[in-house]
Every structure is written in structure tokens, then in C-alpha cells.
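Throw the hints in and build the complete structure from the sequences for me.
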Amino acid sequence: MAEAENTFRIPIGPIHPALKEPVRLSFQVEGERIVGVDIRTGFAHRGIEYMGMRRNLIQVLYLAERICGICSVAHPIALTQAVEQAAGIEVPPRSQYIRVIISELERIHSHLLWAGVAAHELGFDTLLHLTWKVREKVLDILEELTGNRIDYAIPIYGGVRRDIAPDQYPKVQGTIRYYRGLLDELLDTFLRDPSVEARTRGVGVLEPEEADALCAVGPTARASGLAKDVRQDRPYLAYGELGVKAITPRDWGLVPRGDVYDKIVVRLLEVGQSLGLIERALLEMPDGEITSFPKIPALLAHLKKAQGEGLGWHEAPRGEVIHYVRLEAGVEEPVVWKVKAPTYSNLMSWKPMFEGQEIADIPIIAASIDPCICCMDRVHIVRGEDETGMAMEELLRLSRAKTQRILTGNG
Amino acid sequence: MNVDQVLNVLKAALGEGLAHTEVRVRRVGVKAPVELKEIWAEIDRDAIVPAVAALKALGPVHMSVISGQDAGERIELLYHIAVGYGTEGGEVMVTLRLAVPKDDARVPSICHLIPGAETTEREKIEFLGVEFVGIPDSRHVFLPDDLPVHPWRKDEPEMGRFLRRMVEWEGKDG
Chain X
1 MAEAENTFRI
11 PIGPIHPALK
21 EPVRLSFQVE
31 GERIVGVDIR
41 TGFAHRGIEY
51 MGMRRNLIQV
61 LYLAERICGI
71 CSVAHPIALT
81 QAVEQAAGIE
91 VPPRSQYIRV
101 IISELERIHS
111 HLLWAGVAAH
121 ELGFDTLLHL
131 TWKVREKVLD
141 ILEELTGNRI
151 DYAIPIYGGV
161 RRDIAPDQYP
171 KVQGTIRYYR
181 GLLDELLDTF
191 LRDPSVEART
201 RGVGVLEPEE
211 ADALCAVGPT
221 ARASGLAKDV
231 RQDRPYLAYG
241 ELGVKAITPR
251 DWGLVPRGDV
261 YDKIVVRLLE
271 VGQSLGLIER
281 ALLEMPDGEI
291 TSFPKIPALL
301 AHLKKAQGEG
311 LGWHEAPRGE
321 VIHYVRLEAG
331 VEEPVVWKVK
341 APTYSNLMSW
351 KPMFEGQEIA
361 DIPIIAASID
371 PCICCMDRVH
381 IVRGEDETGM
391 AMEELLRLSR
401 AKTQRILTGN
411 G
Chain B
1 MNVDQVLNVL
11 KAALGEGLAH
21 TEVRVRRVGV
31 KAPVELKEIW
41 AEIDRDAIVP
51 AVAALKALGP
61 VHMSVISGQD
71 AGERIELLYH
81 IAVGYGTEGG
91 EVMVTLRLAV
101 PKDDARVPSI
111 CHLIPGAETT
121 EREKIEFLGV
131 EFVGIPDSRH
141 VFLPDDLPVH
151 PWRKDEPEMG
161 RFLRRMVEWE
171 GKDG
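Chains X and B supply the protein sequences, listed in that same order.
Residue numbers 1 to 411, in the numbering used here, belong to the letters of the first sequence in order.
Residue numbers 1 to 174, in the numbering used here, belong to the letters of the second sequence in order.
Because the hints were derived from the structure by calculation, they are not lab data.
This structure is a prediction, so every number in the text was calculated from the model and none was measured.
Cβ atoms here follow ideal geometry from the backbone N, Cα and C, with glycine treated the same way.
It cannot be assumed that every hint is accurate.
Here are some of the chain X residues that sit facing chain B, going by a computed Cβ distance under 8 Å [claimed, not checked]: (1) 41; (2) 96; (3) 215; (4) 232; (5) 235; (6) 253; (7) 338; (8) 344; (9) 396.
Every beta carbon over 10 Å from chain X, so not counted as near; a handful from chain B, in silico [claimed, not checked]: (10) 58; (11) 103; (12) 135; (13) 158.
Okay, here's the thing in C-alpha cells:
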């Protein structure tokens, strides 16, 4: 693109998210308007797949757990299913339900974390404190069930590592009741607030045709009205029986517009959906074994003999996770291990979302696909040879000032 | 969408280009298990564009990812494409497998059919040294553009040393 004289370039990043894909966004702006964006990733590429192809499968499971600190059960769930398909391992019914319960608890904590971040980007810090305070409850129950607030170490090939004991059921049900009571308040504070609406309506729009063509996943795709949810489209574990339906803004009585507001709608409604799924899974969970290989050496021996390939997928809080694994008999490590995280699919959707928007909306649009931008720390404005540092705080200040303008009626 | 529909359009579109197909079944569910079928097809390199076009004509397609492997003399690519999202259990996962010789590692790009495939094609350029003919943007995604090696290639003499250096902080691969 030929740069007009009044076009500036603003590189943002490298963002350093806790994901596999940190991002550097280089914007072309004319005045306040964004006219183009270039996306670069890889600033903290750890070569996890390469490392995995040099370790035995149990060690790979530990690596997979650490691909993402927020959806830390999503990758093990996809990996275990891929390996189970490749090695022909059966998964006992009870453990399938336990995997579902932990996954849905994780979705609640991830979506609440995101809602807090979104509120912060807009300058509503009371809302940030409220959502993060209530998020503690789900971390507590995860700690109760798994021993950890994150990195739960629950799925293993052929089952899960920990059972949910009967005396823990009331605690889980208590957590569900707690969030049921809160959800209406949260929906009300986010979705019926005129200033939230003013900052997010028509901002960062992803048209349904774009979402489809660019293969967007998760809430990013669903906010544009695509009924795309792996739990519904390609059922796995016990999801087929629990009957998951993809949530779009239509469930809130809205025509999907694919903007940031719609992404808030989808994520908050999904918290409610997860509560229902956990409740039913707990009720319908059959008794029985939790793993088909109680002893790790037996499991390793079986895996070493296995020959084959498999695909495993999961709807993580941010969208589709998919793992491909190929095993060869006599080799401990996977010959091929390919990991695809949701942000990988959503990267390209950023482009149409940014174009035509204002600089002050960069933080909330960047956050709207839910990458972990917690460590995005600096911005540079480049004009010719002059380079001016622009701190993340400055961008945040711009974003918050815009909210203030709207609130005081000077927008 | 079901497996037979997908198989039929693939057969009709590819003819000779479809070397082999296999339907793999996985039992899903607990109380009333259902069979979820996946298609694994081997195709010629030039059949990738008609294959993707045929799938796209059939229903909404989702390009999940391309995985690949250095298989000695050849490089093998696996396109994991899901067809027909939007209905309960109605999506069929199709894996198209093709191989290219190392001395002529070129594959037609499918970006003009599925723009969302660009990221994953670019990733294969840097990791496996495959050239995608017609890709709108061929820069690296994760690795620096001037990186001298393709990490998943097993035949580059510099690679072992380079990768050992990359992971030596770990103290295990050294």
C-alpha cells in the first residue's frame, strides 16, 4: 500500500502473552483512523512441539499442560484424545465426565478473567474488581477438586488422575448456586450499561462472511453469528449427550453484529451455559473406574508399542484447540506432534476488526479476541527516522479518556 | 453433512487424483454412544485445490491446521479441514494427506479458496521449507525471517547444532 503523506505507522508490541503466539501489531493510521495493520508473531516461540518430539508421551503431557496458563486443561484434553485414538485406548465413562467438569470450570474462570480485562481496558475498574473477586470462587473449587488453581494435571491417557469424591459434590453445587445468583447482576452491569455499550457497540466489527473465510473460532466467530462450537459440531467426551448448542448474540435477543459488545454477550452467556453443563454432568456421572491404566509403567509400555496417528480436539474458552499425533512402534516419543491453539486461528480476524477504527479503541479490540495481552507493555510511534516511545499506559489513558468523554457527553 | 456425501464429492472432483481413502470411526459418548466418522484421504499434490474447492462447495469449511513431517525423501503434509459446522454432530473432519519430493517441495496454495489458511501455510514454509505457490504473503510467522534452518527438516547439516543451541538452557537435549 502506498503510504500517504499523513499516514503514520504505529507498531505495538511485541505483545508477550502467556500463549504460544505473542503478537506485534504494526498499525498504519491517518489521524485517528486505522487504515491498515500488519501482524507479526513468534517473539516468545518456545519450540514446544520440537521439545515434545524428543520426550516420552507422559512428559509431553506435562509440556502440553504448560502451553497456556489460562486454558491449561484444553491442550491436555486434545492431546489425550489424539493419543487415545492413535494407540486405541479406551476412556472409562466416569473420567469423560470429570474431564468435562474441569473443562467447563476452566471456561468460567477464563471468561470471567476476560470480562475483567475488558472492563479494565475501558476504564471501569470497579467492574474489573467485581469480576475478578467473583472469579476467585471458581479457582477455589478447582483447587479443591484438583489441588491447583491452574495447571490441574487432571487428564492422562486413558482417563483422569483424580476422582471427584461424593463429599465434594455439594461444594461444586454450592459454586454453581453462587454463580447463578451472580450472573444476572453481571449481565446487567455489562450489557445494560450505556457507557459500556457506547464504547463497544460498532467497535471491532467482524462480519460473518469474514469470520467464515478467515476460519475464526470460539466466541470471536460466535459473536459474528456463526454457530461454530466444536462441542456441538464434532462431539467428543460426554458433550454429545449433554447437548451443547453454540451460543450467539441471538440467545440474548440480538441480531449478531460481530462487534466487541457481542463478544461480551457471548462470553457471559457461556458462563451460564457452563454452569448448566457442570450441574448435569455431576448429576449424570456414572460410577466406576477413572482410568484404564492405573499404573504409569504399564501405560508407558502400551504407548511404546502403539503404532498409528490420531486427532484430538476441544473447544477451549477461546475456541478450537486441535492436536495431531503420530506414534511409531518401539519409539517412546511422538514422531509428529502438531498443536493448534485458538489464537492461531483468530490472528487473521484481527485485521478486519482493526481497520477503520480509532487508536483509542486498539486496547479493547486487541482484547476482544481474548489473547493474553497482559504483558503488552510498549508502543512506538514511528515517523520517518524519528521514533517516539509510547507506553502501554499512554494507550490505556487514551482509551479511558474516550470513555470519560462519552460519559460527560463531550464525545 | 455426512461422511458419504463428503466422500462422493471428493471422488467426483478428484478422480485419479484421489489415491486412497479411509473412514475412521470413533465411538463418542457414554450412555448412548454414537459413531463419529472421520475421513483420511491420500491425494496428489495438484489435487489439493480441486479437493478444497469441492469441500467448500459442499458446506461451510473450517481450516483447522496443516500438520506435516519430514518423511525422508519426501515431505508429507496433512490438511485437517472440517466441513459443515453449525449443526449438532454435523461436522465431518477430513484429513487430506499429500507428499512432495524434497528437491521440488512445492504445493499450490489454497488461500484463494480459504483465506484463513494463510497462517498455517506460512508456518509450514518456515518449519518444513515447503513453497506454497500463489500464497499472498510468504513471510515467516513464528521464526525470524532470516533464520537459516527449517526446524522440522531432518536433513540440514547445520540444524542439529542450531537447535541444540536453542534449547540448551533446558540442559536435556544437549
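Verification of the supplied hints:
no.: 1; hint: 41; verdict: 6 Å, holds
no.: 2; hint: 96; verdict: 6 Å, holds
no.: 3; hint: 215; verdict: 3 Å, holds
no.: 4; hint: 232; verdict: 5 Å, holds
no.: 5; hint: 235; verdict: 5 Å, holds
no.: 6; hint: 253; verdict: 20 Å, violated
no.: 7; hint: 338; verdict: 4 Å, holds
no.: 8; hint: 344; verdict: 6 Å, holds
no.: 9; hint: 396; verdict: 28 Å, violated
no.: 10; hint: 58; verdict: 14 Å, holds
no.: 11; hint: 103; verdict: 22 Å, holds
no.: 12; hint: 135; verdict: 13 Å, holds
no.: 13; hint: 158; verdict: 15 Å, holds
Checked against the numbered hints above, the structure violates hints 6 and 9; every other hint is satisfied.
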